[in-house]
Amino acid sequence: MVQFDSAVVASQWSSMEVIMCMLSSGRCTRAHLYLLLLIIIALGFHTVEGIWPLPQTVTTSPERYPLNSQAFYFGYGRQSAAKPGCSVLDAAFKRYFFLIFQDYTSGNVPLRFNQNKPFTVEVSVDHDDCESYPNEDSSERYNLSVSAGKASLNAGTVWGAVRGLESFSQLVYQDEYGSYFVNKTEIDDFPRFKFRGILLDTSRHYLPVTAILKTLDAMAYSKFNVFHWHIVDDPSFPYQSSTFPDLSSKGAFHPMTHIYTQSDVRRVISHARLWGIRVIPEFDSPGHTQSWGKGQPDLLTPCYRGSTPSGTFGPVNPVLPSTYQFMTKLFKEVSSVFPDSYIHLGGDEVGFSCWKSNPDVRAFMQKMGFGGNFPKLEAFYMESIVNITSALNKTSIVWQDVFDYHEKIPKDTVLHIWKGTGYKAELSRITKAGMRVVLAAPWYINHIAYGQDWHNSYTVQPLNFSGTDEQKKLVIGGEVAMWGEYVDATNLHPRLWPRASAGAERLWSDEQQTSSVDKAFPRLQDFRCLLVRRGIRAEPLFVGHCKHEYQGI
Amino acid sequence: MTTALRFSLLLLGVSFSRGFLNDLFDEEEEAERVVQASKYGSLWPLPQKVQLSEVSFKLNGVSFKISDAKESTATPSCSLLQDAYRRYYEYMFGSFKRQEGRKSRHAGPSDVTELQVWITSSESDCDSFPSVASDESYELTVDQPYAVLKAPKVWGALHGLETFSQLVYEDENGAKSINSTTISDFPRFAHRGILLDSSRHFLPIKVLLANLETMAMNKFNVFHWHIVDDPSFPYLSRTFPQLSQQGAYHPYTHVYTPADVKMVIEFGRLRGIRVIPEFDTPGHTQSWGKGQKDLLTPCYSGSKPSGTFGPVNPILNTTYDFMSQFFKEVSTVFPDAYIHLGGDEVDFSCWKSNPDIQKFMEQQGFGKDFTKLESFYIQKLLDIVATSQKGYMIWQEVFDNGVKLKADTVVHVWIGGGANDEMAKVTGAGYTTILSAPWYLDYISYRQDWQKYYKVEPLNFNGTDEQKKLVIGGEACLWGEYVDATNLTPRLWPRASAVAERLWSAKEVTDINDAFNRLSVHRCRMVERGIPAEPLFSSYCPREYRGV
Chain A
11 MVQFDSAVVA SQWSSMEVIM CMLSSGRCTR AHLYLLLLII IALGFHTVEG
61 IWPLPQTVTT SPERYPLNSQ AFYFGYGRQS AAKPGCSVLD AAFKRYFFLI
111 FQDYTSGNVP LRFNQNKPFT VEVSVDHDDC ESYPNEDSSE RYNLSVSAGK
161 ASLNAGTVWG AVRGLESFSQ LVYQDEYGSY FVNKTEIDDF PRFKFRGILL
211 DTSRHYLPVT AILKTLDAMA YSKFNVFHWH IVDDPSFPYQ SSTFPDLSSK
261 GAFHPMTHIY TQSDVRRVIS HARLWGIRVI PEFDSPGHTQ SWGKGQPDLL
311 TPCYRGSTPS GTFGPVNPVL PSTYQFMTKL FKEVSSVFPD SYIHLGGDEV
361 GFSCWKSNPD VRAFMQKMGF GGNFPKLEAF YMESIVNITS ALNKTSIVWQ
411 DVFDYHEKIP KDTVLHIWKG TGYKAELSRI TKAGMRVVLA APWYINHIAY
461 GQDWHNSYTV QPLNFSGTDE QKKLVIGGEV AMWGEYVDAT NLHPRLWPRA
511 SAGAERLWSD EQQTSSVDKA FPRLQDFRCL LVRRGIRAEP LFVGHCKHEY
561 QGI
Chain B
20 MTTALRFSLL LLGVSFSRGF LNDLFDEEEE AERVVQASKY GSLWPLPQKV
70 QLSEVSFKLN GVSFKISDAK ESTATPSCSL LQDAYRRYYE YMFGSFKRQE
120 GRKSRHAGPS DVTELQVWIT SSESDCDSFP SVASDESYEL TVDQPYAVLK
170 APKVWGALHG LETFSQLVYE DENGAKSINS TTISDFPRFA HRGILLDSSR
220 HFLPIKVLLA NLETMAMNKF NVFHWHIVDD PSFPYLSRTF PQLSQQGAYH
270 PYTHVYTPAD VKMVIEFGRL RGIRVIPEFD TPGHTQSWGK GQKDLLTPCY
320 SGSKPSGTFG PVNPILNTTY DFMSQFFKEV STVFPDAYIH LGGDEVDFSC
370 WKSNPDIQKF MEQQGFGKDF TKLESFYIQK LLDIVATSQK GYMIWQEVFD
420 NGVKLKADTV VHVWIGGGAN DEMAKVTGAG YTTILSAPWY LDYISYRQDW
470 QKYYKVEPLN FNGTDEQKKL VIGGEACLWG EYVDATNLTP RLWPRASAVA
520 ERLWSAKEVT DINDAFNRLS VHRCRMVERG IPAEPLFSSY CPREYRGV
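Top to bottom, those sequences are chains A and B.
Okay, so the first sequence: first residue is 11 according to my numbering, each after it adds one.
Okay, so the second sequence: first residue is 20 according to my numbering, each after it adds one.
Just so you know, the hints here were simulated from the structure itself, not pulled from any lab data.
Some hints could be false.
[To be verified] In silico DMTMM-like cross-links for lysine to aspartate or glutamate, where the CA-CA straight-line distance does not exceed 20 Å:
no. : chain 1 : residue 1 : chain 2 : residue 2
1   : B       : Lys488    : B       : Asp461
2   : A       : Lys442    : A       : Asp463
3   : A       : Lys260    : B       : Glu191
4   : A       : Lys557    : B       : Glu500
[What the hints assert, rightly or not] One side only, chain B facing chain A, incomplete, derived with CB under 8 Å:
no. : residue
5   : Asn481
6   : Ala504
7   : Val546
8   : Gly566
Glycine included, each C-beta is placed from N, C-alpha and C at the ideal position.
Let the sequences and hints guide you as you build the complete structure.
Here's what the structure looks like:
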């Protein structure tokens, strides 16, 4: 058995030269091709494409075992706390059967009545958390051991088991005859960061539920575990509130076709749960709320021109008691609809000009002794909102702006860093104050550029800021953001994938083992073809091809 | 070449608005932009002369007909038109199909009941292929009870049908409506192309056809098929099958068979689109070498062959024998009068390294000037292709290097920076030219880059009127390094639509705000027709893309 860690595999695969040579078909020297060939032959696992994101430790060998869809089983280990009937695992077994045997439905199943022995993937978990939701403390660690006729997958939770099944599915490959194989392998794996999110923005463009569900599928393939649903914003309010139905009937792009009904939301949450993905909704206020105002009179601040209202509206009106009554009811609904313990409250980019223009706001400022300091008004507002969600036993996430103007927010609030310039200094400041952070700033991948811009996402070093070990522990993870100005169902998936997958590896894998884009390149190329094969419209990294190209338009 | 055209028009009523959003708020630096109803509705590209009135008629999806006018020289046997009638009926009333019988078949008094299509020239061109000289003009009158579309040839009729379909809108009750309208239209430029690259990534036939379909919606009329290049050779040649057998990414799943090619050509013809293939030599030919021994130049390191290969070997007779046979095939497979022969980006280092080439250079008296060798090759190639009665297009370097070109050669200007000077030079030498330099759509950037493409004025170079007449058009190029079936369509549309209007509409059509308003609705129309055309900015379409 050849033993090596994954980084070694990657390095042997891929001096950049060899890759370029494969790509430009002929611009390389024969010598390089031979070299590549030798590596392949010597190691004898050329069809093992590796796992994305890279597991913490992998040991694999050239010894391979055939898999036959007619004699392939998932099962529960005898010691497993989860038993048959476990909704998460039963659903995962079904999904992964089809993901592993891609030809199964196309009728190309080789009907070979050979001597293939059965192969069983035996899953054991320590806790029967089959009916629960994944949460911030859920362990995703798993151990996978593939041997003759059997793979043993052990995990603390079903969520870890789901991650392990994904890794297993990526180990399976087909030879030239279409037969399936898996190599003898040992994997011990766990995520570097426990919060690994994707932000989708359903306000600037409405995203049909099917587009969201497909994103959740692709997220699981990259082991993302948080769907940050930036559900409403200035342009539209597609969330159909049962308490305040006017919000979407007046604030959505269209009251019937461009909304998320309660059952749509439930569908997204339950689909996400089966993949071990948390759904964190964001109801951003007091800014970014133009669409709210359409269905909720008096919620927004009337702006003034001189001494008369101008007819336009600014941020949420922080001086009216009715505002807080409304917010209390809305967040009460939201916190029961969304089971996750986190709610994102936004708090970013509040423009003060409208507040300044309004005489009632100015009078309130005076009464409260804020003087002309509008950040104090904003802080007053945010504190009230955070208190509302705290009373509902929810943890608040807010954008970094809230910390910047108000350092005395409750200690259990999570700060979300989004500003590109100076984000390392911001990491230092916030963690020094003892607050937890989620980093999004380097992963605003709605910003596109010509060429292989996944490098930028990949080479981020989230903990490379000045601070103590204790401070670094406060970085609970990161998030890849796809803001919606230029994105809707027509182009969302190719813009997200595989670019987001670069961020996924940074958040899951060991940084030392995954520091080279050159080593990552061929692995990510294979992974994007796997995504395409699974029906995800993942765009190419560079010149080349996939065995199975995307079949849509 | 065009005289300034004035647009006489009447304002359209507010009812023309398709319910677009009233407010858009932008969080970032981009100037706030609100989609508003254009007085030109959603016409794209904007016709040369439009008269729109506020008088609106209804269209009954059950009884509405598109038919040949009595006087038309096209007969019902003209399947090109029959196909187009069905296609546009589907676009306009596709959602009505299943309601047949439920609604009254009787036309109301304010209905337009029929679109009559009248081909006026004695030759309708129904069964021919479009060419650079094809008449694409048409006149459209929408009135009650008939709308009449007059065009000398079927090509104009196709464009007129597209325009008619763009005039149809839904009123507040969802009823299909159209306003009284008079349009007289023709393209500013005769050559309006899209380049797709099927070598760097293989593009499945389905993708090519979907984009031909979308080209027709934008009145593009040339598909420049950059079919082979260094990375792969997907064209299955009958004469040299080993080219794709060895040179394609996969000999069966990543090739274009003769039947595939035929299908693309016919699909294009039915939409008034020419298919011009590009077989680029002597550079960009690495994939050719895999299936054709001795075609490429062996590179040397020192005194020994290094095992790598350079451009086509220009000193062997076998090279020219091969090219004769190969282009003989190509010229029969592709009916268009033009073939694109490439000729760009030839790297001389391999030629320099090869002792046989060095010797040949000496014999020919080329000295160390390898552009002379390149010209020698191209000259021979052009002579070969000329014998097949085809015209040719070439990238600008061939002209720059002083190769003797046939008078009808089309020089393709692509190098950004100095494109205007190049246009002046090429037309100054009397050659026909097309422009691509400002329209390399593979270069993406954040925000609304369609505006950059829209603002280009192709005749903005120093030259006489005679020179400007030599500019027959342009092409938007989507090179394939970062593009395949997964992302090609949303990356191309509606960005290429900006180029479409620049090449079709009058020079004076430059109002970027009006363009934004029309293009926003036009992109939603493409989405509704099943094309994943990406958004311009925060907004919505009444019917969003249903794929994922």
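Here's how the hints hold up against the structure:
1. Lys488/B with Asp461/B: Roughly 28 Å separates the two Cα atoms, so the pair is violated.
2. Lys442/A with Asp463/A: At roughly 32 Å apart (the allowed maximum being 20 Å), aspartate 463/A and lysine 442/A break the hint.
3. Lys260/A with Glu191/B: 17 Å, holds
4. Lys557/A with Glu500/B: Distance ~17 Å between lysine 557/A and glutamate 500/B Cα, so the pair holds.
5. Asn481: Where the cut-off is 8 Å and the nearest Cβ of chain A is about 31 Å from asparagine 481/B, the hint is violated.
6. Ala504: 4 Å, holds
7. Val546: 6 Å, holds
8. Gly566: With a closest approach of 6 Å, the glycine 566/B hint holds.
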